[in-house]
Amino acid sequence: MNSLRKEFTTLSITLIAVGIALNLALGTVVLRLGLPLYLDSIGTVLVGALVGPWAGAATGFLSNLVWTLTGLFPQAFAWAGVAAIIGALAGVFARSGWFNSVGKAALAGIITGVLSAILSAPIATYVFGGVVGAGTDALVAAFRAAGLDALLSNVAQGTFSDPLDKLVTFVVVWSLLLALPAREKARFGNLPVSAGRPLAGKTRRPAGKAAKKTAKKAAKKSTRRR
Amino acid sequence: MRGGSIYIERSSGLHRLHPLTKVALTALCFASAAALPGLPWLLALFVGLLLPLAIWGRLTGAFLKACLLVVGPFVLSLTIIQGFFSGGETVLFNLGRFVFTQEGLLAGLTFAARLLVALGGTLLLMQSTPQPHLMQALTERGFPPRIAYVVLTAIQIFPSFQDRAQVIMDAQQARGLELQSGLLNRARLLLPMVGPLILGSVMDVSERAMALEARAFSSPARKTSLNTLADSLLQRALRWLLALAAAALLLWRLWSALQ
Amino acid sequence: MIELKKFSYWYPGTEQSALDRVSLSIAEGEFIGIVGANGAGKSTLCYALSGFVPHFYNGETEGQHTFNGQDMASLDLGQLAGQVGLVFQNPFNQISGARFTVREEIAFGLENLGLPQNEMRARIDEALELVNIQDLAERSPFSVSGGQQQRIAIASILAMQPRVLVLDEPTSQLDPDGTRDVFTALSKLVSTRKITVILAEHKLEWLATFCDRVVALGGGKLRAEGSPQAVLSSEQMLRLGVGRTQYSEAAARLLRTKQLPVTLEQARKALK
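Residue numbers (the working numbering), protein chains in the order written: chain C, 1 to 226; chain P, 1 to 259; chain A, 1 to 272.
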């Protein structure tokens, strides 16, 4: 409960809104570029990495709700749970230092992508009759023709696109974290110290320089805003 | 479509309904999509309920167009996949060793009709209800106002992010970096294109959050609303009725599945 | 009503203090200008005067910091919101975005304060009129110019009827038209309402015409304090990287007076 509250300060709530807006803006612009990628979860992974698993999950879940509410992609809400898990995973990976190197970030992306493909397949199969209503359905048809059943065909289709998409997404977020000033990263508090988290303490009127030094070490963000 | 809303302003009875009444209607559509047994029932619901509502809301053309855009691709995919791969006796035609059956076609169309009813209900709700009204109605019933803030703000700021991304893309194109020059090149152009946009928006978050605090975002006071959403006893009763109908449909479906 | 005594502040993880033993006392109804080069601590001082230091930015403080005699640290942002308003540089970031028309955007803060509808409507109409954007009331706050957006931001804060209004370079991202509109709105505010205003600004010509008192910052320290004419005409402003108003510059070339004029009005008199 405590960690949950820590991830939903006014600052992180604002970041979540910006993360969702980035998902939608990039998702629609990339769609226009005609790449075989979605890149509609850069905001989710970024928020997860900066703030933590709960905030990442919220960003993913609410992004899909917003896709539905805008009418841009009304069926998105069916995948809100998968999007939430992607954000949560990004938070966990970042906390464990997987965003410290590009190789680990790429691997984390591939793992997330495979998991996302596996989790998405039952939704396509049982909610949407085995299709997603896009060009990738041709792949599903090919797998069905090769003899796979409905569920496996959708898993197979997903593993064609999701791991690559999440690999690119995680590497993009890794490079963004690299470019982001340490002060900004520290403000959100999920990334490990090695990723440049300075001391975050708060004291009121310590008696002198010595008291300040000890207070620096002892104080945790205790009196943050809600 | 550009922008963050498919809401269409009209002066109609449907528009004036309390948002939650329309949510209850959408819920009934979802329950029907899941529970109704076959194609005729589903189409009857669409023609007998959703279409008249759209006509009442003076949204007929826009509603049908949105349905076609969203459900159309599903119809195509479902017809092919289900037609060829879900078995059946009555062969309509065959392509090599693959047979397209009448049963499969029916299964595909039925699935498409389920999506039409569920997504149609969602589209009609969003075409006739401004998003802030929907969120206000929900927060008045205990939905967290902070989530309402996140949803509404994201909806409003993403078009300006979109514009900025578009401006950067156009600038790249003007500098001769053709966006049509191969998949790899396009992918490589992406990061320098979106990087500054993303970093800038993250660095702006502190100021945005402070501006929110300056607007009493963290005030412990019980929040009020500038506008009152019109509601009536009749609508309250109707909402209960719709919710009951939705629940009954789902229970009936569950019961008949267990039989 | 706001008092700093030997107040120092360190942002989290920094060794260099952003404010260094600043002592400043602000009385009710005063209009105070803050000048200084970039990085001199203007924004940090604005945050301290409105309570965002130490409540939004943690970090370390030393010295006294009171609001209406109460320790600033004992108050929280929720309590301060109706009392101290802060306007920032970037108009886009200040539009909450949670409401779809200008009228509703202004209402957002009032809704958070839990005000009844009648009072909200009255306050919104008053705020719209003060900054002269009545004609934008039903527009989307994202469909207007930067100068108009900044006036919406100011109206949104004014409607909350704070006792203190802090503006941190409110025109730095605006074009000349937008700048003029914002300052016109500010001058109207000063003449019609008794409210304490604190304005950090690079555009000294405007600052000089409004302020009762000017404080100059350099390297986080308070370097000068006094009447606009005394502070802004001094040679020290050139050393601090603040510069001088165009009227002072013109007069400095033409006249040999000790007290250079800082406003157009003063320049007219001096040059006669």
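Honestly, the hints are just simulated from the structure, not real lab data.
Don't take each hint at face value.
Quick list of in silico lysine to aspartate or glutamate cross-link-like pairs, DMTMM-like style, CA-CA up to 20 Å [stated by the list, open to error]:
{"no.": "1", "chain 1": "P", "residue 1": "K223", "chain 2": "A", "residue 2": "D76"}
{"no.": "2", "chain 1": "C", "residue 1": "K6", "chain 2": "A", "residue 2": "E15"}
{"no.": "3", "chain 1": "C", "residue 1": "K185", "chain 2": "P", "residue 2": "E207"}
{"no.": "4", "chain 1": "C", "residue 1": "K185", "chain 2": "P", "residue 2": "D204"}
Have a look at the derived ranges for each label pair, beta carbon to beta carbon [as the list claims (entries may be wrong)]:
{"no.": "5", "chain 1": "C", "residue 1": "A179", "chain 2": "A", "residue 2": "Q236", "range": "58 to 64 Å"}
{"no.": "6", "chain 1": "C", "residue 1": "A146", "chain 2": "P", "residue 2": "T90", "range": "21 to 27 Å"}
{"no.": "7", "chain 1": "P", "residue 1": "E9", "chain 2": "A", "residue 2": "S187", "range": "50 to 56 Å"}
{"no.": "8", "chain 1": "C", "residue 1": "L152", "chain 2": "P", "residue 2": "W252", "range": "30 to 36 Å"}
{"no.": "9", "chain 1": "P", "residue 1": "P144", "chain 2": "C", "residue 2": "L152", "range": "36 to 42 Å"}
{"no.": "10", "chain 1": "C", "residue 1": "L178", "chain 2": "P", "residue 2": "D163", "range": "23 to 29 Å"}
{"no.": "11", "chain 1": "A", "residue 1": "D177", "chain 2": "C", "residue 2": "L31", "range": "33 to 39 Å"}
{"no.": "12", "chain 1": "P", "residue 1": "D163", "chain 2": "A", "residue 2": "D135", "range": "21 to 27 Å"}
Glycine included, C-beta positions come from ideal geometry on N, C-alpha and C.
Index of numbered hints that the structure contradicts, given in increasing order: 2, 5, 7
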